[in-house]
Amino acid sequence: MSERTRLAVFLAGAVPLAALLTLALIGLPGSDLPLGDLAGTIAAHAVPERKGTNTVIDVAFDYRALDTLGEEFMVFVAAIGTAVLLRATRADDERSNVEERRELHGDDASELMRWAGGALAPVTVLVGLYVVSHGQLTPGGGFQGGVVLATAFLFVYLSGRRVASGRVNALSLTEAAEAAGAAGFALIGIGGLIFGAVLMENFVDLGSKGSVWSGGTIPLANVAVGIEVAGAFVVILTELLDQLVVGRGARR
Amino acid sequence: MNAPAYAVAAWLLLVGLYGVVTSRNLVHLVVCLSVSQASTYVLLLGIGWREHATAPIFADIPTGTRVVDPVVQALTLTDIVVQAAVTALLLALVVQARKRLGTADPNRIGVLKG
Numbered sequence: 705m706s707e708r709t710r711l712a713v714f715l716a717g718a719v720p721l722a723a724l725l726t727l728a729l730i731g732l733p734g735s736d737l738p739l740g741d742l743a744g745t746i747a748a749h750a751v752p753e754r755k756g757t758n759t760v761i762d763v764a765f766d767y768r769a770l771d772t773l774g775e776e777f778m779v780f781v782a783a784i785g786t787a788v789l790l791r792a793t794r795a796d797d798e799r800s801n802v803e804e805r806r807e808l809h810g811d812d813a814s815e816l817m818r819w820a821g822g823a824l825a826p827v828t829v830l831v832g833l834y835v836v837s838h839g840q841l842t843p844g845g846g847f848q849g850g851v852v853l854a855t856a857f858l859f860v861y862l863s864g865r866r867v868a869s870g871r872v873n874a875l876s877l878t879e880a881a882e883a884a885g886a887a888g889f890a891l892i893g894i895g896g897l898i899f900g901a902v903l904m905e906n907f908v909d910l911g912s913k914g915s916v917w918s919g920g921t922i923p924l925a926n927v928a929v930g931i932e933v934a935g936a937f938v939v940i941l942t943e944l945l946d947q948l949v950v951g952r953g954a955r956r
Numbered sequence: 138m139n140a141p142a143y144a145v146a147a148w149l150l151l152v153g154l155y156g157v158v159t160s161r162n163l164v165h166l167v168v169c170l171s172v173s174q175a176s177t178y179v180l181l182l183g184i185g186w187r188e189h190a191t192a193p194i195f196a197d198i199p200t201g202t203r204v205v206d207p208v209v210q211a212l213t214l215t216d217i218v219v220q221a222a223v224t225a226l227l228l229a230l231v232v233q234a235r236k237r238l239g240t241a242d243p244n245r246i247g248v249l250k251g
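Just so you know, the sequences run in chain order P and D. Per this note's numbering, the very first residue in the first sequence carries number 705; after that it's consecutive. Per this note's numbering, the very first residue in the second sequence carries number 138; after that it's consecutive.
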């Protein structure tokens, strides 16, 4: 299909779509109305019932925890999928050279990058742990904190420090952490089935509102998800960065 | 009124789709898909927004304060996680396609594969 025909076909679909979207969005209820039944109930009862002051996390990790379990496994599968796809291409190149070039990478980083990366990595780890552990109180949670933790790895990489040396062990450790995090959340869910009545039921002491130990299984699930997401993103980043190393080696 | 949010959502969806249709590089295509997916965040948050309401975090406000919809915010969180996972997988596929077919231009891949 030529570019012109393709654009014509796109416009033939996009113009009616734009018209329908405008119609549909104009018909949405206004922002001066009170919250809907479900949202109103959650806003009024989540904090007294679950003690977690962040109602968004109360929804994601308690009332709608089953969905979040599926979501967590989606990240898990995406990380595995990325690793499988990229390792398949890497097998085409000479495998041993990849290891060698990884070792060489450390020489590329400038003095400033070494410094900045080294200084930022521990701060990032601290922020990540804070975001994971305070998800039930303030904006944050396992998903957000996990991604922050994974960026700490990126800082170490950019500073040219040897993530490379002994990396095979480090990567299998990350994969194990990822799997443990995913299994942890699932076990917390099954715990609800054993100690309570239904899957994902909150079965731990709820604690008092506003303390870090509040929300029962919510902070536990956040920690499990934080480990899982950090592991998954480190796996994804490592695999994509390895492609960079392979590509650079090929061009030289 | 949250009409501006809805307008931005519709614009992001259409401009992202335009980018996908006219893309000449698979990485660019993946980014354009992310742009059109970003419209769903704006739409969800726009639907949940209420006038004179604050964030649904009761850490330092009394229960019963007028807040925006917490349910759509939780859905937006799911949405963002889905996008991150999809983008990672698609980028891995792009790397594969570039290696196998020697090009990242979707037009030329079409020619090569018939």
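Be aware that one or more of the hints could be misleading.
To be verified - Here's a subset of chain P near chain D, in silico, CB distances under 8 Å, partners left out:
no., residue
1, Phe714
2, Asn758
3, Ala887
As the list claims (entries may be wrong) - Partner residues are not named here, just some residues of chain P that face chain D (Cβ under 7 Å, in silico):
no., residue
4, Ser735
5, Met778
6, Ala782
7, Ile784
8, Thr786
9, Leu789
10, Ser837
11, His838
12, Ile940
13, Leu941
Calculated directly from the structure, the hints in this document are not laboratory data. Model, not experiment: these values are computed from the prediction. All C-beta atoms, glycine included, are put in the ideal place defined by N, C-alpha and C.
Q) Can P/Met778 be said to touch chain D, with a Cβ gap under 7 Å? A) holds, 5 Å
Q) At a threshold of 7 Å, is the proposed contact between P/Thr786 and chain D supported by beta-carbon distances? A) holds, 4 Å
Q: Under 7 Å, Cβ to Cβ, is where P/Ala782 needs to be relative to chain D, so tell me if that hint holds or is violated.
A: holds, 4 Å
Q. Any CB of chain D closer than 7 Å to the CB of P/Ile784?
A. violated, 10 Å
Q.
Quick check on P/Phe714 please, does its C-beta sit within 8 Å of some C-beta on chain D?
A. holds, 4 Å
(Q) Hint P/Leu789 vs chain D: min CB-CB distance below 7 Å? (A) OK, holds: P/Leu789 within 7 Å of chain D, min 4 Å.
Q) Hey, does the P/Asn758 contact hint survive, CB to chain D under 8 Å? A) holds, 5 Å
Q) Going by Cβ atoms only, is P/Leu941 closer than 7 Å to chain D? A) For P/Leu941, the interface hint is violated, since the closest Cβ of chain D sits about 9 Å away, which is over 7 Å.
Q | Supplied contact hint for P/Ser837, tested at 7 Å Cβ to chain D | A | violated, 14 Å
Q: For the hint on P/Ile940, just tell me whether its beta-carbon gets within less than 7 Å of chain D.
A: Holds: closest Cβ of chain D sits about 5 Å from P/Ile940, inside 7 Å.
Q.
Hint P/Ala887 vs chain D: min CB-CB distance below 8 Å?
A. Since the shortest Cβ distance to chain D is 18 Å, the answer is violated.
Q.
Please check whether P/Ser735 passes as an interface residue: C-beta within 7 Å of a C-beta belonging to chain D.
A. holds, 5 Å
The structure does not agree with the numbered hints 3, 7, 10, 11, 13 stated previously, though it agrees with the rest.
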